[in-house]
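These protein sequence lines map, in sequence, to chains A and B.
With my numbering applied, the first sequence corresponds to residues 32 to 536, in that order.
With my numbering applied, the second sequence corresponds to residues 55 to 211, in that order.
Some hints could be false.
[As the list claims (entries may be wrong)] Heads up, simulated SDA-like pairs for lysine to any residue below, C-alpha to C-alpha not over 25 Å straight-line:
hint	chain 1	residue 1	chain 2	residue 2
1	A	479	A	276
2	A	459	B	70
3	A	459	B	146
4	A	459	B	199
5	A	479	B	71
6	B	173	A	422
7	A	459	B	55
8	A	459	B	172
9	B	114	A	479
10	B	114	B	124
11	A	416	B	55
12	A	459	B	109
13	B	199	A	198
14	A	486	A	500
15	B	199	A	88
16	B	114	A	460
Hint data in this document are derived by calculation from the structure and do not stem from the laboratory.
It should be emphasised that the depicted structure is a prediction, and the values quoted were computed from it without experimental measurement.
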Amino acid sequence: MEMIQNVALGFGVALQPMNLLYCFIGVLAGTLIGVLPGIGPVTGVAILIPITFGMDPITATIMLAGIYCGAMYGGSTTSILINVPGESASVMTAIDGYQMAKQGRAGAALGMSAIGSFVGGTLSVIGLMFIAPPIARLALSFGPPEYFALMLLGLATLTRLAGKSLYKGLGMGFLGMLIGTVGLDPVAGVQRFTFGRADLLDGIGFVSAAMGLFALGEILINIEGSLIKRIFSAQIGSLLPTKSDWLACKWTFVRSTVIGFLIGSLPGAGATVSAFMAYAAEKKASRTPERFGQGAIEGVCAAETANNAATGGALVPLLTLGIPSSATVAILMGALMMYGLRPGPLLLAERPDFFWGVVTSMYIGNVMLLILNLPLIGVWIKILKVPYPVLIPIILLFISLGAYTVGGSYIDLWIMFAFGILGYLMRKFDYPAAPLLLALVLGPIMEKNLKLSLKMSQGSLAIFFERPITLILIALIVVSLVWPLLVSRFSKGKRALDLPVVDEI
Amino acid sequence: MTERTADTISGLFLIAVALAFGIAAQRLPTAFANEFAGPSFMPTMLALALGVCGAGIVIKARFLPKANRMPGWFAADREGAVRIAVVAAATAAYNLLLEPLGYLIVTFAFLVFLLRYLKVSWRVNLAVSLVASVGTYALFVVWLKVVLPMGLLEIYF
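So here's chain A without its partners, still in its complex pose (with noise of 0.2 Å):
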């Protein structure tokens, strides 16, 4: 069969001792920044981007990818010990997973939610490796106004998660786009307010508007306030669950899974939202909801086990259409363009290799860390007992080399510093910082999109509503820009839903 031919190719690939030398780094490195408060994995995975200069595109991706999976499982680690998430996609697994640890369960909860990320970690790759075929040659079809509109939809969906004021996040996508358009006219080659300087001429690097906007403007942020954080040193205990634990979760892995792949996979939501929707669908279908947020271990499992399977989910737009689906992934996206490589449909086609590669090297990761995470939770306890202060000019030095090395220029430092600054303001400002950067990466590839469409159809806009996969996105971009405020007129008396604020995902 096909896919048995695919696997072993893939297998082949990242059994290789470089590649899986080279998962085994990722990983590490993913778990130290995911414990790490103050970095997430948009932030880990741009630093360490350099250092895969020079280095074949696989294992290139095989490590970045290691780094997107570990930050799962270790932003788990911080959640529970002390309340405080090592990133965003793990504010749910603090809720329950603090209050396990006060109660002494803190060794149930760190191993429950471990065997939950496997879970949902392993079970989202073969779920991308069934689906991403058929969809890759779904999108073969796909023409300039396709995906013109398909990216138009992650970001109308990125922006309508981000936080309450729909103009805030609008405005931030577009501002994204239009500092997208310094540069180089993608068509017509002319310059565009690049003040005649040469280094602008490519445009505005995302790895150093990414660093900026999210390492330093998190690190400005977080000195404004208290340099103390709380250490728990408490027992941890047992690191397995107990038989009843186990029963009690035995469909939240099912239902947890499902729901993080699916949410994962849209456009526009990451593991963030993917681990709120898997616990607030776990609360709802428990018999005693009450005990959620008192230390349910159900909460812990959902949360973790969805925010690994958004990984698998996430990766499906950006392997088979080269659409990414959140923050973290427009910079893998990013990095591949880096690489020479373009993803979408054609590079499963083109590149079989990478593709069943990188994923069956994802599966190897999950095991690493499983079999990692467990033994080395007493290192990572010792790492966070570093005094943030000594952490803080460190990661300034990381971010700005990797601004330097990776844009290759001097300008890049500056550019750092000024989403820097822009990134501080505009956490201050309550305006959410993901559909900036995602605009800033898809900008031009959907002005480029939309130029050949206009192409196409000698300057008409009806092409758009001429073709029937590009009208039915239309569709969803208006649904998903309107439903929220039908749900609040409609539903007055009823909570509101209240979806977290998706910074980083």
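Here the structure of chain A is known, so what remains is to put chain B in place on it, guided by the hints.
Leaving out everything else, chain B in the frame of chain A:
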């Protein structure tokens, strides 16, 4: 800082940015080699959209209850503001001095300064600064063969 004032300020800022981009975009060619949407099309449309969003934010701010304070703004946090200014200035100084003085010198100085400012003990400070500067040099220049400016130490490298 009330939510109302904050949103009004930020909304107006967005409108200003939109105007700036929009006006600058008018200098770009409208059509190029019988293209239907020239180089100025996208920036103009986006600037318009951004302006609308900015206006929306300002208008919505009018309807916010006056008493709402901005979450996350600490009333009289002079200390925090100073910390931010210092860290931002240090980062800017790093950018400015990197090429003239070279990576090793500037990185070491940057780390020592910040660690001292953040009240880390001298022993830890010097140890971390030394290891980080030399370590990252080894990682990036020696192993990854990235070119980093050497500045004053160029004669030795």
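Going through the hints against the structure:
Distance check on the hinted pair: residue 479/A and residue 276/A sit about 52 Å apart at the alpha-carbon level, beyond 25 Å; violated. For the suggested pair residue 459/A and residue 70/B, the alpha carbons sit about 19 Å apart, so the restraint of at most 25 Å is met. Restraint check: the Cα-Cα separation between residue 459/A and residue 146/B comes to about 21 Å, which is no more than 25 Å; the hinted pair holds. Taken as a hint, the residue 459/A and residue 199/B pair is broken in the structure, with Cα atoms around 39 Å apart against an allowance of 25 Å.
Our distance criterion of 25 Å between C-alpha atoms is met by residue 479/A and residue 71/B, whose separation comes to about 24 Å. With a C-alpha separation of about 13 Å, the suggested pairing of residue 173/B with residue 422/A holds against the 25 Å cut-off. Only pairs whose Cα atoms come within 25 Å are accepted, and residue 459/A paired with residue 55/B is accepted, the gap being roughly 11 Å. The hinted pair formed by residue 459/A and residue 172/B meets the criterion: a straight-line CA distance of about 22 Å does not exceed 25 Å.
Between residue 114/B and residue 479/A, the direct Cα distance comes to roughly 34 Å. Violation of the 25 Å bound is thereby established for this hinted pair. Taking the CA atoms of residue 114/B and residue 124/B, the gap is near 15 Å; set against the 25 Å cutoff, the hint holds. Between residue 416/A and residue 55/B the CA atoms are separated by roughly 35 Å; this puts the pair beyond 25 Å, and the hint is violated. Among the hinted pairs, residue 459/A with residue 109/B is consistent with the structure: their alpha-carbon atoms are about 19 Å apart, no more than 25 Å.
Using a Cα cut-off of 25 Å, the hinted pair residue 199/B and residue 198/A is violated, with the two alpha carbons roughly 45 Å apart. With a CA separation close to 19 Å, the supplied pair residue 486/A and residue 500/A stays within the 25 Å bound. Restraint check: the Cα-Cα separation between residue 199/B and residue 88/A comes to about 18 Å, which is no more than 25 Å; the hinted pair holds. In summary, the hint linking residue 114/B to residue 460/A is supported, as the alpha carbons are separated by about 14 Å, within the 25 Å threshold.
The structure fails hints 1, 4, 9, 11 and 13 (numbered hints given earlier, in ascending order).
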